[in-house]
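Protein chains in written order, with the numbering used here: chain A, 1 to 116; chain B, 1 to 112.
Calculated from the structure, these hints are not laboratory results. Remember, predicted model here, so these are calculated numbers, not experimental data. For each residue, glycine too, the CB sits at the ideal point set by N, CA and C.
One-sided and incomplete, this derived list gives chain B residues near chain A with beta-carbon spacing under 7 Å:
#	residue
1	Leu-43
2	Ser-45
3	Val-48
4	Lys-104
When the alpha-carbon atoms are kept at most 30 Å apart in a straight line, the in silico DSSO-like pairs for lysine-lysine are as follows:
#	chain 1	residue 1	chain 2	residue 2
5	A	Lys-68	B	Lys-99
6	B	Lys-104	B	Lys-56
7	B	Lys-104	A	Lys-78
8	B	Lys-104	A	Lys-68
9	B	Lys-17	B	Lys-104
10	B	Lys-41	A	Lys-68
Anything over 12 Å on all C-beta distances counts as not near chain A; from chain B, calculated:
#	residue
11	Pro-8
12	Thr-28
13	Asn-111
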Amino acid sequence: DAGVIQSPRHEVTEMGQEVTLRCKPISGHNSLFWYRQTMMRGLELLIYFNNNVPIDDSGMPEDRFSAKMPNASFSTLKIQPSEPRDSAVYFCASSWGRFLSGNTIYFGEGSWLTVV
Amino acid sequence: ELKVEQNPLFLSMQEGKNYTIYCNYSTTSDRLYWYRQDPGKSLESLFVLLSNGAVKQEGRLMASLDTKARLSTLHITAAVHDLSATYFCAVESKGGSEKLVFGKGTKLTVNP
Numbered sequence: 001d002a003g004v005i006q007s008p009r010h011e012v013t014e015m016g017q018e019v020t021l022r023c024k025p026i027s028g029h030n031s032l033f034w035y036r037q038t039m040m041r042g043l044e045l046l047i048y049f050n051n052n053v054p055i056d057d058s059g060m061p062e063d064r065f066s067a068k069m070p071n072a073s074f075s076t077l078k079i080q081p082s083e084p085r086d087s088a089v090y091f092c093a094s095s096w097g098r099f100l101s102g103n104t105i106y107f108g109e110g111s112w113l114t115v116v
Numbered sequence: 001e002l003k004v005e006q007n008p009l010f011l012s013m014q015e016g017k018n019y020t021i022y023c024n025y026s027t028t029s030d031r032l033y034w035y036r037q038d039p040g041k042s043l044e045s046l047f048v049l050l051s052n053g054a055v056k057q058e059g060r061l062m063a064s065l066d067t068k069a070r071l072s073t074l075h076i077t078a079a080v081h082d083l084s085a086t087y088f089c090a091v092e093s094k095g096g097s098e099k100l101v102f103g104k105g106t107k108l109t110v111n112p
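Let's have the full structure, built from the sequences with the hints guiding it.
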């Protein structure tokens, strides 16, 4: 079975540029999560969706960040304009169920973003 | 606000030895997850603990949950080099918007 698929795997961009990260969750999963991982702050939940609807975006750092889930098989996380402090690994994850409820969350391979 | 603390954050151990990683959390929850991450890789689910007293074992790893003490442990038995990785615990927060809060991780190095 295909796992959570993310693209791009690596991106280097200049400060001020727009960055779009993409995610395809595991087929049949109806919850999708975007996490950010840095050395300083560890793993932080940015936003999660259930049935394509954003449920909690309180972790989104600021207005420069936006996320969409137009259908059950695709989500994007956009940063505009990007800043060096946005450099991190961005993980997309998915699970079955309305909320967590003890269901395993499966993570993608991550998108390694460097903003110079 | 739910806080999750792991200790130690760094652990260097000899092959064949036993050790325990601790995960403490600050508010009531009865669902706890353990993940493994290899350098530059994704997070791999190890265990999901769903109730007080839950114990799960896979190979040389055993995880347990004490919801009254708000404590989970990950016990490593007779460590081998392949267990070298970073181990994360994560706890489901309750009330309102439910989410999974991760600890900082424990970087384990097993030396021959």
